[in-house]
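Enquirer: Got chain A sorted already, so can you dock chain B onto it with the hints?
Protein chains in written order, with my numbering: chain A, 1 to 162; chain B, 163 to 708.
Derived by calculation from the structure, the hints in this document are not laboratory data.
Since the model is a prediction, treat every value here as computed from it, not as a measurement.
Treat the hints with caution; some may be incorrect.
[Stated by the list, open to error] Below, in silico cross-link-like pairs of lysine-lysine (DSBU-like), each with a Cα-Cα straight-line distance of 35 angstroms or less: (1) B/687 / B/463; (2) B/463 / A/129; (3) A/50 / B/463; (4) B/687 / B/362; (5) A/127 / B/296; (6) B/463 / A/127; (7) B/687 / A/118; (8) A/129 / B/525; (9) B/296 / A/41; (10) A/50 / A/118; (11) B/525 / B/210; (12) A/41 / B/463; (13) B/296 / B/525.
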Amino acid sequence: MSGMGAISSGAGTPACGPDSPLKGKIVLGVIGYDCHSVGNKILEVFFTEKGFQVTNLGVMVSQDEFIDAALETASDAILVSSLYGHGLIDCQGFRDRCVERGLEDIILYVGGNLVVGKTPFSEVEEKFKQMGFDRVFPPDVDLEQVAQLLEQDIDARRTGKH
Amino acid sequence: MREELVSIDIGSTYTKGVLFLRTEEGLRLVRRVITPTTQEDLSRGFGKVYTELTGLPYGEAREEEPRKGEPANTGSSGRRQGEDKASPRVRFSSSAKGGLRIAAIGLVPDLTLQIARLAAWSAGGKIVADSAYKLREDRLSEILRASPDILLFTGGTDGGNEETVLWNAKKLAASPFRGTILYAGNASVRGEVLRILEGKRVVVAPNVMPRVGEIRIEETRAAIQRIFLDTIVEGKGLQQVREFCGTDPVPTPAAVFDLVEAIGTHQEGWDRFCVIDLGGATTDVYSVGESFWGEEGVVLKGLREPWVKRTVEGDLGIRVSAAALWDTVKPYFPVLIRLVWGGSEGNVTSSSLPLEIHRYVEKVTQDTSYVPTSEREKRIDRFLVLAAVAIATLRHGGTLEETYTPTGRIFLQSGKDLRPINALIGSGGYLSLFDLGEPIRELFHLVAQGGLEAGSKGSGKIEMGSMGPGRAEAGRVEGGRGTIGESGSLEGSSHGSARIHLLPKNPSYFRDASYLFPLLGNYAKEYPEEVSRLAIETLVPESGDR
Numbered sequence: 001m002s003g004m005g006a007i008s009s010g011a012g013t014p015a016c017g018p019d020s021p022l023k024g025k026i027v028l029g030v031i032g033y034d035c036h037s038v039g040n041k042i043l044e045v046f047f048t049e050k051g052f053q054v055t056n057l058g059v060m061v062s063q064d065e066f067i068d069a070a071l072e073t074a075s076d077a078i079l080v081s082s083l084y085g086h087g088l089i090d091c092q093g094f095r096d097r098c099v100e101r102g103l104e105d106i107i108l109y110v111g112g113n114l115v116v117g118k119t120p121f122s123e124v125e126e127k128f129k130q131m132g133f134d135r136v137f138p139p140d141v142d143l144e145q146v147a148q149l150l151e152q153d154i155d156a157r158r159t160g161k162h
Numbered sequence: 163m164r165e166e167l168v169s170i171d172i173g174s175t176y177t178k179g180v181l182f183l184r185t186e187e188g189l190r191l192v193r194r195v196i197t198p199t200t201q202e203d204l205s206r207g208f209g210k211v212y213t214e215l216t217g218l219p220y221g222e223a224r225e226e227e228p229r230k231g232e233p234a235n236t237g238s239s240g241r242r243q244g245e246d247k248a249s250p251r252v253r254f255s256s257s258a259k260g261g262l263r264i265a266a267i268g269l270v271p272d273l274t275l276q277i278a279r280l281a282a283w284s285a286g287g288k289i290v291a292d293s294a295y296k297l298r299e300d301r302l303s304e305i306l307r308a309s310p311d312i313l314l315f316t317g318g319t320d321g322g323n324e325e326t327v328l329w330n331a332k333k334l335a336a337s338p339f340r341g342t343i344l345y346a347g348n349a350s351v352r353g354e355v356l357r358i359l360e361g362k363r364v365v366v367a368p369n370v371m372p373r374v375g376e377i378r379i380e381e382t383r384a385a386i387q388r389i390f391l392d393t394i395v396e397g398k399g400l401q402q403v404r405e406f407c408g409t410d411p412v413p414t415p416a417a418v419f420d421l422v423e424a425i426g427t428h429q430e431g432w433d434r435f436c437v438i439d440l441g442g443a444t445t446d447v448y449s450v451g452e453s454f455w456g457e458e459g460v461v462l463k464g465l466r467e468p469w470v471k472r473t474v475e476g477d478l479g480i481r482v483s484a485a486a487l488w489d490t491v492k493p494y495f496p497v498l499i500r501l502v503w504g505g506s507e508g509n510v511t512s513s514s515l516p517l518e519i520h521r522y523v524e525k526v527t528q529d530t531s532y533v534p535t536s537e538r539e540k541r542i543d544r545f546l547v548l549a550a551v552a553i554a555t556l557r558h559g560g561t562l563e564e565t566y567t568p569t570g571r572i573f574l575q576s577g578k579d580l581r582p583i584n585a586l587i588g589s590g591g592y593l594s595l596f597d598l599g600e601p602i603r604e605l606f607h608l609v610a611q612g613g614l615e616a617g618s619k620g621s622g623k624i625e626m627g628s629m630g631p632g633r634a635e636a637g638r639v640e641g642g643r644g645t646i647g648e649s650g651s652l653e654g655s656s657h658g659s660a661r662i663h664l665l666p667k668n669p670s671y672f673r674d675a676s677y678l679f680p681l682l683g684n685y686a687k688e689y690p691e692e693v694s695r696l697a698i699e700t701l702v703p704e705s706g707d708r
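Chain A with its partners taken away, still in its complex shape (with noise of 0.2 angstroms):
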C-alpha cells in the first residue's frame, strides 16, 4: 500500500483509467445497526458531483451486504460510515472476509464516530488500519481531501501500485 497519509495534490492528474471516464467505483454505506442516515447522503451527493460512480447501501448495512455489491459493481472502494460509536466492533475482520470473497485488493475507507470516549483519533487510526482498512477519518474530515485522496487510491490500484 503505497503512500499511506501521503497528501499529494491530485489536481492535474488524470482521472482514471484509460477506458473509464470516471473517477471510479465506490460502494457507500453506515455499517451495523447505525440509523444516521442524514450524513450518508450527504456523502452519496458529494462523491457523485465528485465524479464517482456511487452505489449507495444506505444505512444498516452488514459486512457481506458492502462486499456483495461490490462484487456485483465491481467498485474500486469501500467507504464505510460508523456514527454510533460501535464500529470497531462492526467492522472486525471486515478485510479479511473481503479477502475471502476474493476481493483483497480492494480500497476500504471507514470514518465517521468510530469509537466511544474520548480515545485520541490516532489510536483510533491506529486500530481500524491494523484492522485492513486503507484510510480512517475523523467526523470532521474535509471531504474534498477525502476525495482526492480516493482518486489517488483508486488511480494507484488501478495501475498496480495498490
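Expert: Leaving out everything else, chain B in the frame of chain A:
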C-alpha cells in the same frame, strides 16, 4: 358484441378446453371438455377438444371457412359474422412436460443469482441447477447433468463485474452444453460474451440487475417464453397446433402468472392473495402484494421482491415427487401428524405411522395416478398435501429476525412479507377438490411461530393449546397495513426462537374447483379485466362460517 373464445391447455396427463362467450356483460363459461393428452402427437388430443368445444373440424389452417362445412352448431348460434373468419379465436397453453427446465448462473447468491431465479420462476420455469461466483467444474457438470432447456446467465451490474462474467462465458463456451443460453448480465460486456459464446445458441436480454438492488426481469421473462416456443415446442405436433391457431402457446404456469397478475390489478379487494397450485410433481406458489410494508421497527435486508412473485418447488409434490417431499418433511413430522391426526395417534415416535407413510410414498411414486382407497390412505394423502403446502409457502415467504440495537429492538425482514395476504386460492388436483382452509390456517399459525421446526429446536412439543385463541399471535399485521399492532404482538415465539416466518395471517380459503386458472390465463393479456372477473366468480369459497 358476441364473441366466442376457445382456450385449451395441453397438460402432461389431460388436455383441457373451454369455450367462453364474451359479450358486453363480460365473459361467460359455455362449455368444458377434457380428454387424455395424446403424448405421441399432441395435436390429436387438441383437435378432439377443439371439435367438441366448437363443433368445427380441426384441420390444417383456419384462414378459410371450415372446409367440411357443417358447423354442426353446438349451441354457439351467435357466431360472429363477417370480418375475418367464422371460427372462434383460439389460445392455448402447454405444460411442456412439467415445466421449462432452467439453470441459473449469477454472481452473488443474494443478488444476481436470486433475481435470475425470480425471473425464471415468473416465466413458468423451474430451476434445475444453479451456480454463483465463478463456474467451477463440478457445478458445470451438475448443470449439464440436469440437462436444462435454458441456461439463464447473469452476473454483474451494468458497468460492473466483468471478470467473473467473462470467466463464466469461457467455461460455458468450452462446455458441451447444447441448449439455449440466455445472457441477461452486465450489459457492458455483452458483446464480448457473445463473441466468446460464438457457436452456441445465445439469446440476450437486458441485465436483470442493472444497478444493485434494482430488479428488471420483464424482458428476461419474455425472452424465456420465446425460447420456450422456438426450441421446446418443436415436434410432437405442437407446431401444427400453432399453425392452426395462428398463435403461440404459453407455458401453462406463465398463463396462470398472467391471470394472477390480472386479478391483482383489476379485481377490487384482491390485491393481497396467494395461489397454491399443487400437483404430483411440483408445488407452485404465486403471491400478489407488497413485499415490504415499511412498518415501524422493521428494516428490510436484501432485495425488495416483486409485487407478483412465483416460486416453484420441484421436490414438493404428492406423487412423482412424493419421496423427495417425505424426505424434506421428516423433521416437521410431529407437528404435521398432530395437525392431520389430532391426538389420536398418541406417541408419534412409537407409532407405526412413519413406516406406513413411507410405504404409501413408495406406492404412489410407482403408480403416480394412484387414488387412495382406505380412510387411512386418504389421511396420509392429506398429510402429504399439507406438508407440501407448508414447505412451499415457507420457501416462498420471508422471515423477520428480532435484533437488539443500541437504540432498541428492531426486526430485520428478508424476503417477501405474506402476513397481509387475506385470501388463499387452492388450485391443481387436490387443493381444488378439498376444502382445506381450516387446517392450512392452523398450519400457518404453527409455522409462523417456529412450530414446524419444533423437532430441530429440541422440544418437539408444540402443544395443541398453543393454537388456541387469546394467545399473542406472532407477526400480526393489523388490517394488513403498516403497523405491527400493539408492542408485544411480534413477540416471536415462546419456544426460544426470535425468527418469525412471514406467512399469511388468517387467510380465507378459495378453490379453483373447476381448474379454470390456466384456461382463463390464456386470455389474461388480452382481456385482463373480464378474465379475472370470471376467475373470481368461479371460485368456490369455504363451506362453514368464516
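Enquirer: Take a quick look at whether residue 296 of chain B and residue 525 of chain B sit within 35 angstroms of each other, Cα to Cα.
Expert: Distance of about 42 angstroms is beyond 35 angstroms: violated.
Enquirer: Is residue 687 of chain B close enough to residue 463 of chain B, meaning Cα to Cα at most 35 angstroms?
Expert: Holds. Residue 687 of chain B to residue 463 of chain B sits at ~33 angstroms (cutoff 35 angstroms).
Enquirer: For a C-alpha distance cap of 35 angstroms, please report whether residue 50 of chain A and residue 118 of chain A respect it.
Expert: Distance of about 33 angstroms is within 35 angstroms: holds.
Enquirer: What's the verdict on residue 129 of chain A and residue 525 of chain B, does the C-alpha distance respect the 35 angstroms limit or exceed it?
Expert: Violated, at roughly 64 angstroms.
Enquirer: Just to be careful, I want the Cα atoms of residue 41 of chain A and residue 463 of chain B compared with a cutoff of 35 angstroms; is the pair within it?
Expert: Measuring from Cα to Cα gives roughly 19 angstroms; hence the hint holds.
Enquirer: With the threshold set at 35 angstroms, check whether the alpha-carbon distance from residue 463 of chain B to residue 127 of chain A stays at or below it.
Expert: This hinted pair holds, its Cα atoms lying about 29 angstroms apart.
Enquirer: Verify the proposed pairing of residue 127 of chain A with residue 296 of chain B, using a straight-line Cα cut of 35 angstroms.
Expert: With Cα atoms ~34 angstroms apart, residue 127 of chain A and residue 296 of chain B stay inside 35 angstroms; holds.
Enquirer: Given the proposed pairing of residue 687 of chain B with residue 118 of chain A, does the C-alpha separation stay at or below 35 angstroms?
Expert: Roughly 65 angstroms separates the two Cα atoms, so the pair is violated.
Enquirer: Please verify whether residue 525 of chain B and residue 210 of chain B have alpha carbons no more than 35 angstroms apart.
Expert: 33 angstroms, holds
Enquirer: Holds or violated: are the alpha carbons of residue 687 of chain B and residue 362 of chain B at most 35 angstroms from each other?
Expert: 32 angstroms, holds
Enquirer: Hint check: residue 296 of chain B vs residue 41 of chain A, CA-CA at most 35 angstroms. Holds or violated?
Expert: 34 angstroms, holds
Enquirer: Keeping to a limit of 35 angstroms between CA atoms, is the pair of residue 463 of chain B and residue 129 of chain A held or broken?
Expert: 28 angstroms, holds
Checked against the numbered hints given earlier, the structure breaks hints 7, 8, 13 and satisfies all the rest.
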